[in-house]
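Take the given structure of chain A and dock chain B to it, following the hints.
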Amino acid sequence: MALKELSSLEKFLGLKKHNKYSTQGDNKVPVLQSNNGPMVGLLTVCSHLVNEAKRPELLGTSTEHRAMVHQWLEYRVTKVDGCTREEAKTVLKDLNLYLQDKVYLAGNCFTLADALMYYGLHPLVVDLAVHEKEHYVNVTRWFDHLQHYPRLRHHLCPVVVLRNRVYIGGHH
Amino acid sequence: MKLYISEGNPHCLKVVAAVELTLVQCDVQCVNHEERVVPFLSRPALPALLLPSGGHLFSSNAICQYLFETSGRKPNPLINQWLEWETTELQPALLQALHMAVLQGKATEASKILQGPLSYLDQCLSKGTTPCLTEESVSVVDVVLWGALHPFLSDSSPALGEWKCVQAWFERLAGEKACQAAVLKVLPGKGLEVLKPFVQRQPAPASSQRRDPQSCNSTASEAEDAVRVVSEEEMEAAALTWSRGLTACTEPPEKPHPILPQEGRRNLLLTSALPYVNNVPHLGNIIGCVLSADVFARYGRLRGWNVLYVCGTDEYGTATENKAREEGLTPQQICDKYHAVHAEIYSWFQVDFDFFGRTTTPKQTEIAQDIFWRLHERGFLLEDTVEQLRCEGCRRFLADRFVEGGCPHCSYPEARGDQCDKCGKLINAVELKNPLCKVCSKTPIIQSSKHLFLDLPKLESQLEQWLDKSTAAGDWTPNAKQITRSWLRDGLKPRCITRDLKWGTPVPHPDFKDKVFYVWFDAPIGYLSITANYTDQWEKWWKNPEQVELYNFMAKDNVPFHSVVFPSSLLGAQDNYTLVNHLVATEYLNYEDTKFSKSRGVGVFGDMAKDTGVPSDVWRFYLLYVRPEGQDSAFSWADMALKNNSELLNNLGNFINRAGMFVTKFFEGCVPAMELLVEDKTLLAQVGWELRQYISLMDKVKIRDGLKHILNISRHGNQYIQVNEPWKKIKGGDQDRQRAGTVTGVSVNIACLLSVLLQPYVPTTSRTIREQLNAPAACVSTMLHAGGSFVCSLPAGHAIGTVSPLFQKLEADQIEALKKKFGGQQAQKVAPDAAAAAAPVAVNDGVVVSGADPERAKQLMQAVAEQGDKVRVLKGQKAEKAAITLEVNKLLDLKKQLALAEGKSAEPTAPQKGKKK
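Sequence order for the protein chains is A and B. So this note's numbering is basically just the index in the first sequence, starting at one, shifted up by 1145. So this note's numbering is basically just the index in the second sequence, starting at one, shifted up by 16.
Some hints here could point you the wrong way.
Said to hold, decoys possible - Per label pair, the in silico range of CB-to-CB distance:
1. G1170/A with E125/B: 20 to 28 Å
2. D1272/A with W389/B: 47 to 55 Å
3. G1159/A with K449/B: 51 to 59 Å
4. G1170/A with G70/B: 33 to 41 Å
I should point out that these hints are in silico values taken from the structure, not numbers from a laboratory. All C-beta atoms in this analysis are idealised placements derived from N, C-alpha and C, irrespective of residue type, glycine included.
Bound conformation, chain A alone (with noise of 0.2 Å):
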């Protein structure tokens, strides 16, 4: 899962040298062997395609900006993957709240935890009924922003965000 994320973001990122990973431990953390030595964990890793790939934007542009943009790709790591049927709940009703006047998760430009929040949150957002996709409507909003931004999907399939077409009490 996690290496599929990375060769998907690799492509994003235009980068014409694909790496080889490997993983480590139970919870097949991803391993990259570079000059330095070897980087552990999804977010040192993504960070570092990232500064390969000249995007430091990405990071964020402003220290308040790059502390946004942590806290945000901790928040994936740490609250979306590996998360129970409940906290899946919390988690959607937290972002779209959160989401509710915003574009992208940190200011004002796509960052890289858009993509990897994206990334995580697919297998979430796969699952919901329609009626679900409506009540986390800024989420979903944010969803399918992400899902046609260019070149970010890859190796996920889209989710139909259009309504079902037996709601004709819906709004579009």
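Same frame as chain A, now just chain B:
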């Protein structure tokens, strides 16, 4: 900038130390643990930093990094890696260790958990060239790790001795002024005591691993629920409940006759949509109404509610007349014959109606005519002449379902005379484009006749008022609300309630004496008349909205008639009728990703289910497991076998059987004494939580979701047995034997709970389990009443009966044979159907374009059929996607050519959807 912290929270230690060290200007405020500082998070998150921009940081590491960067320290990749390690590796271990040390007093075991991370830290420090982790001076990483480890390492923990480098590093940091100040501020007390309020609020760490991220899709939905965590308080509460045992044993009373509403009880009147008499119901019909209502009725009875569940066959209408003509019987004989078929099917599926009646009774005439006159007297009926389709060939007016044509709204070519299957909108039959008689395929003519209409616009505001109340207070499924809303939004029009037919309830008005009531005015009145045939006191149910709650079960296509049309009749009749409080509508169940179709022989129909050799309970279980709740779902043979083998056999059956067998084999058939340890209590709490979830879902008629929680309970149970290995412990010393006894006793009690929860779903199995366990009758009422409580219902010494396996494996070849039997016709028939489809459509549409080439069409038809077979074979073999796509494209191309050869426009070719006759 404002920083919110709380006392006794190790994360706050990090941020306060960071503030002290970086000297960033920041107002620090100490708040309660429960304070919700970050507006968008539903759980309190501390520490939290309110940024100058108004944003919030709620991750302690992000806050620390922000403070360090603000004071001019550059971030670098190594720092990131350490911070990631801290959150994903160290923190989970720390949380578990804190839990053990602070709440359970097991300091030694707690330090064992930390061995791994500490050893890693020690290695890194020993290899490093700097006294601190990443550089010469204290960096954000040191502060973060110091804060995280402080609760353990400051206490000269036994763990520390082994790790010399960690010890040196830690002491160096502990000497920092900033760190000392932070400790004073955040951890003012001595020892671990001060952490208690914080740790208690954390979810207890799951001992099992985190969910494998690979299996996040539906297949994992079973496993993921298992990783719920239990807090100390929950555990103690669960143990207390358990120890209460069964309360005063009240035998569940026999069903009285008749069942009537009772003062001071919840009186539930349940109906499921009346199945039309001369269609044999398919699995989709069964799950959509009767089976769903049956589960809820059984559940309601277990909950101690006063439930009356009525249903019956809907028998009037042209379809019956036709069938009678076909079979050379009278309509009444046809109804008698098929009513019996229905009754038999439902009884095989163990649908426990309190009364299963029919609509062709004198009571139906009496009540329908009464409602009619009341509406008439109150001026809610209008008279109008109607243009109707009449087929000269068949010499009769064509009822809605006997005419087909293009939908005036969406142009779907197969719309019926009353409603379009595609867009769901209602249609006036004369508005159909190119109408055709479904019997003889002739084009009908339009003839006018006088009819009566229910004045829905006049009733609209009353209806809306009632709907607002009912949908707000009751449990209407989202689809039911939405379909109803869209009907009201489009505005209501008068609806015709009379028809030119013979087989129906006669209209009593002298001006309309040759007419009968339109089926949708008439059929829902069947609920009342069927109840009236059950008891003379039917009005105590149907004219008693104060005491009675009415639940209607149906599939979504029936919603408008139950939420708009029928309530309007009853409101207009002004006789204090009981109106629907809870409208429960399912979506559609498909058959192996296509539709059930009687004419094509696709799918399993009610009368065939028992010939499959698959027990009724397994059918019920699987249909309820895939109940189209919230979304369409599909019946699939392979999935049914999978669910039978994985859930019923390996999960549920296996657990219940093992629990019983241990009692029989190791304890001479008597439940052993139980001494609860922490892990037993944890299990009790988990099971109790699942039980409460089950009840709260079932109370809201979330039948499929409720089932998942039952399966979770036996999953917990299996895991518990697996970990504790009573079959090994029984051979050990006294202590081990006692442990085996406890585990067996707790397990067999869970089996008893499961038998109760399963009763609505698989009644025979539930009874068998209770017989095997010799379970007291009181266990039902005790465990399911109020919010639900998992008590010890089989106490030490209780003698159980003979235990035997509950389920059988469904073998692959058996399933393959069934799949062929019920879907096989389709596989062979689609191709000719699709091919044959084109010709009549072309003629019917009157668009026989020049350029058509019948000879070539014939050849192409053959080619399409062959190519179609090829594609199906490939799909059947699960061939490479690319290979399939290639062949599918060829097929589409051939079809396009075929359409051209037949003189049709090539564009709208969707051959599978073409006309089937």
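Hints and how they fare:
no. : hint                            : verdict
1   : G1170/A with E125/B: 20 to 28 Å : 21 Å, holds
2   : D1272/A with W389/B: 47 to 55 Å : 53 Å, holds
3   : G1159/A with K449/B: 51 to 59 Å : 53 Å, holds
4   : G1170/A with G70/B: 33 to 41 Å  : 39 Å, holds
This entry satisfies every hint, going by the numbered hints stated previously.
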